[in-house]
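Asker: Chains P and W are the protein sequences, given in the same order. Numbering-wise, the first sequence is residues 1 to 179 according to the UniProt record's numbering. Numbering-wise, the second sequence is residues 1 to 495 according to the UniProt record's numbering.
Since the hints were made in silico from the structure, they are not lab data.
To be clear about the criterion: a stretch of chain P counts as covered by chain W if any three or more of its residues have a C-beta under 8 Å from a C-beta of chain W, and this derived list gives those stretches:
(1) 33-43
(2) 56-63
(3) 89-98
(4) 106-118
(5) 142-149
Calculated from the model, a selection of chain W residues having no Cβ within reach of chain P, i.e. all distances over 10 Å:
(6) V338
(7) L353
(8) I474
(9) A476
Beta carbons are placed, not taken as given, at the ideal position from N, Cα and C, and that holds for glycine.
Chain by chain, the residues run as shown.
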Amino acid sequence: MQPDTPTPHVFPTARRPGELLFAMLFLGLSVLLLAQIGWQTQWLPGKGLAAQPRTWPFIGLAGMVLFGALHLLATRRVRRTPGRWAEALVWVRSLEFVAWYLAYVFSVPYLGYLPATLIFCVSLTWRCGYRGRFALVSAAGFGLGVVLFFRTALAAKIPGGAIYELLPAPLNSFFLTYF
Amino acid sequence: MDLFLSSLEILARWDVFAALVVGSVGGVIVGAMPGVGAAVAIAILLPATFSLEPIVGLTALLGIYGSSMFGGAIPAILINTPGTPVNALTTYDGYPMTRRGEARRALSLAYGASFFGGIFAILCLILLAPVLASIAPMFGAREIFLAALLGIVLVVLTHRGQILAAGMLVCFGIFLKTVGLEGTAYTQRYTFGQTWLASGVDLIVVVLGIFALSQAFFLLTQRDTTYELPPVKGKFLQGLTEIFKYKRLATVGSGFGVICGMIPGVGEFMSQFLSYSYAQRTSKTPDLFGKGNPEGIVASEAANNSVPPAAMIPLLALGIPGEELTAMMLSVFYVHNVIPGPQLFRDQMDFVLALYIALFVLNVLVILFLMTSTNILMQVMRIPSRFLGMMILTFSLIGVYSLRNSLTDCAIAAGFGVFGFILKRLDLPTSPVILGIVLGGLMETKLRTAMTRVNSPLDFIDRPIAFILFAMIILAIGLHITTHLRNRAKDKAHA
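Model the full assembly from the supplied sequences, consistent with the hints where possible.
Answerer: Structure follows, in structure tokens:
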């Protein structure tokens with residue numbers, strides 16, 4: 001954020017690559033949703049406009065279409081910034097981490113919060129390229145800290161893992177309560 | 001006096017004080033980590049606070065909100081990267097000072113200005129509280145509708161250079177709020193026959209996706225940046241007194257912060273921008289701005305730190321959040337069935353005052369913490385960004401999953417995470433979506449209530465406050481159009 005001019009500008013002043021693509025996708029989705037309004041909302045006879053269930057979805061979607069169209073036009077008028085598809089590829093790359101997150105979420109009811117968190121932290125750290133002992137131990141320590149803070153101290157609502165059923169009875173109940 | 005004692009009684013509990021300490025210190029740490037910020041931290045902690053009492057949960061969140069900007073100044077000054085987006089202007093003069101070897105002085109000035117701004121805003125609010133308590137009951141359904149509409153208009157207009165994007169995103173938020181079972185006739189809206197959509201899209205799930213998960217994806221897909229930390233030597237206390245050399249700037253900057261904080265939808269960006277511009281305009285050395293002028297640091301830090309207390313005004317008095325962080329806090333009130341609005345000011349003034357006193361204590365705690373721990377705190381900037389991404393992703397599970405143990409919620413949050421990630425990559429604003437959800441829902445309810453009592457559209461603005469609000473909406477739009485046309489004419493003349 002090294003200032004390039006003495007005049008402050010906290011607001012972005014240039015278009016980023018991929019903005020036109022985003023504007024097109026957003027407008028397309030808005031039009032598609034607006035086209036469904038007759039099917040997805042109701043118009044109740046004898047009620048005023050303000051009380052109609054259709055009014056607010058219409059306001060939201062009409063605004064999305066109007067501003068979306070104007071935004072698209074404005075984006076088109078600005079000089080094209082190269083790298084649109086490279087940018088789209090970055091968006092797609094984020095899906096890998098969505099998959100990591102969902103795998104973590106899905107594994108909790110089976111493995112339990114503590115084991116799932118430890119495995120998640122260490123393996124994602126490994127995946128990110130931090131493969132030294134210090135990084136991996138830090139990741140495990142961090143995972144343990146998160147579980148101790150949220151599950152053990154604050155008793156956050158997380159179901160016990162199915163794997164805990166394999167533990168001996170006293171240990172099973174301890175793990176179900178605290179981890 | 002009874003009111004003051006009763007509010008002190010609310011605060012004088014170990015759990016409230018512990019929440020305040022944890023929130024304040026946590027907020028500074030979070031603020032000092034570039035790439036995390038208060039929005040991410042509040043989004044993650046929000047569901048955890050639902051199990052706490054409202055005053056405990058709110059003081060913790062308030063701690064993070066009020067102290068993150070103190071912490072955000074540290075990386076802004078030392079490594080030229082604002083810890084929170086609202087510390088952006090601090091980089092202009094803070095970093096050049098660091099390069100001159102004046103890091104400690106720049107930090108002291110930032111702490112002093114932030115402290116001054118925070119205390120100034122709290123004093124203003126305490127003085128204003130009786131006035132607010134008498135005005136708040138004059139707000140009926142139509143006034144709240146118009147105040148929310150003013151908020152929507154200002155949210156859009158204050159996103160300079162991105163008005164169209166802000167407009168489409170605020171409308172997206174309004175649409176999202178309508179999805180699910182509608183409250184009066186109980187008809188389904190945009191559920192596409194899916195049972196999981198019948199209960200609507202939960203605000204917390206959207207908030208976690210757009211703020212926390214998106215930030216994690218953003219950090220995980222980036223290359224690590226390594227920062228060279230400059231040495232910071234000397235006593236901070238000496239530097240803190242230097243703020244008195246810039247009393248006028250600090251006072252005017254804090255004034256801008258209070259005014260901008262009180263108006264829904266305006267917030268920190270506008271206040272620091274106005275304050276910085278004022279400082280530059282009135283300075284004896286305007287040429288030094290952007291090159292390490294201490295006046296620049298004082299102007300931006302005093303302005304941004306006076307916003308959080310002021311932003312509590314529309315939230316508490318009218319139930320209208322001014323920006324995304326207060327929108328998140330609103331959900332804590334709702335979960336505990338404490339409905340912010342005129343009734344809260346009328347019936348639970350001690351609770352409101354207790355929050356103000358909590359803000360005061362928070363500022364004192366933070367300044368003490370910063371004076372003693374800045375050198376240790378600097379080490380958090382060494383955490384690599386992708387490791388930070390992993391940490392946020394791990395925290396996010398508890399945020400979404402502990403709401404109702406729903407895997408669907410996690411999947412929806414991940415979807416909004418990708419949406420927020422794209423917005424961040426494109427430098428588009430995320431706060432309009434959240435404000436659209438909160439203010440859109442409020443406007444629908446209030447409009448329905450108001451319309452049962454009016455016969456014509458003109459009846460809607462026949463009360464003084466409703467008329468003033470309506471006039472402000474027209475004025476804001478009119479001023480924006482006039483300025484836009486004037487700028488265009490100026491550009492044409494230059495071309």
